[in-house]
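Colleague: Sequences are here, hints too, so could you generate the full structure?
In case you want the letters, here they are:
Protein chains: 2
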Amino acid sequence: MVARAQIHTEAVEYKDGDTVLEGFSAYDESIQGKRPAVLIVHQWKGLTDYEKKRAEMLAKLGYNVFALDIYGKGVRPQDPKEAGAQAGKYKGNRELLRQRANAGLAVLKNHKLTDTKKVAAIGYCFGGTTVIELARSGADIKGVVSFHGGLDSPKPEDGKNIKARVLALHGADDPNVPAKDVAAFEDEMRNAKVDWELVKYGGAVHSFTDWNAGNDNSKGAAYNEKADKRSWEDMKQFFGEIFK
Amino acid sequence: MVARAQIHTEAVEYKDGDTVLEGFSAYDESIQGKRPAVLIVHQWKGLTDYEKKRAEMLAKLGYNVFALDIYGKGVRPQDPKEAGAQAGKYKGNRELLRQRANAGLAVLKNHKLTDTKKVAAIGYCFGGTTVIELARSGADIKGVVSFHGGLDSPKPEDGKNIKARVLALHGADDPNVPAKDVAAFEDEMRNAKVDWELVKYGGAVHSFTDWNAGNDNSKGAAYNEKADKRSWEDMKQFFGEIFK
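Here the protein sequences come in this chain order: A and B. This note's numbering numbers the first residue of the first sequence as 1 and each following residue consecutively. This note's numbering numbers the first residue of the second sequence as 1 and each following residue consecutively.
Hints in this document: simulated from the structure, not taken from any laboratory.
The following residues of chain A were derived to be distant from chain B, with all beta-carbon distances above 10 Å:
#, residue
1, Gly74
2, Pro80
3, Lys155
4, Trp211
When the alpha-carbon atoms are kept at most 27 Å apart in a straight line, the in silico DSS-like pairs for lysine-lysine are as follows:
#, chain 1, residue 1, chain 2, residue 2
5, B, Lys193, A, Lys219
6, A, Lys229, B, Lys236
7, A, Lys244, B, Lys236
8, B, Lys15, B, Lys118
9, B, Lys15, B, Lys73
We put the beta carbon where it would ideally sit given N, CA and C, even for glycine.
Modeller: Structural data, given as structure tokens:
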């Protein structure tokens, strides 16, 4: 299947209220009919080639994929300061973040190729935070996978809304996701009786899946090939379980 | 391969010094030649049908398997008190525990069907503690997998001896493995720059893989089908990586 995959991709404009957003759709045209579907939420720089590449990788695995846009069409931060400002705006307004995540989810669910009973969401960094917020919003999806996402919650009591299975993939040396946040996340999941799992990859810092992040762990964010590959396999195993 | 597997099993007597031990060997006779090999270390009740069943499951996956005996031939505790006494004897004497673990490893490495460059060890409960001690002894193996093992170490500085990759599979609600031990284990691995990974399964207590452990989480030890299956898959993925 993979060898013969014909991946169709296209930009998709959609709206949340009056805000115009632009996501990215990817699926394998060589497969017929509806299929399990995966939503991708971007890192703090917004929807970039990184997420589009992940979308194509997932499409090659047979999923119908939509990489959403939280920030708005054309809002694509070019430096860390701008990225921090955008990410901070939504992290500081979790209701708006949930709303934008659900707007993207609706696009995916309404896509003609989506088997609406088999939908999951994954996210990286800011997107890893977002998919857990999506779960906390009570979204009717099978599971969420957070890759090096922030795990804090201003309203841990919202854990009780979670219907999805939660897989948190965490770099054990990630300075952006402090131990106290990890512990609070665990308590939130535990108290709400969520079906959850946390994986800590030794030697990995923030951004361990991002091949654009360099290799210098001392910067606190770096690519880690082992953790990247393990986490991708962990995600595939999780999908195998939730979509069966 | 699995459907046509012909699993050969036999009891194997061997010695550590003057102490007679009795382990259990399992391999698939329908496969020719040397193959990756897996050592199994038993729970606190010693080598039982549980470990023998796991040995057969691994043999069906194509591994040459040896379930060792730490306690000695015929020493098979029949109740928790006796089991606690035996396990406590070795947990309190880590040098002896390492010696016994290495004696079992030698049997596996000397087996005619073992590819000695592809050897791993797994252990459950007491055995989960033991395989990490085996790694701390500097054993020349590719990896160890600890299922609901105790993670404490009286000599965390021995982490520097570890050559094997370490995968610790932990029930997030396991009262036998307190959070401070988990944190100390993480620090030991981190400080020694071990290639390590820790998985926490939400909702799982001690003994989550043991189908004889009942289903009452309030007892602190119980079977958990989801965590059992996920951890088995995690082990297989780990083997795929370390044996490639």
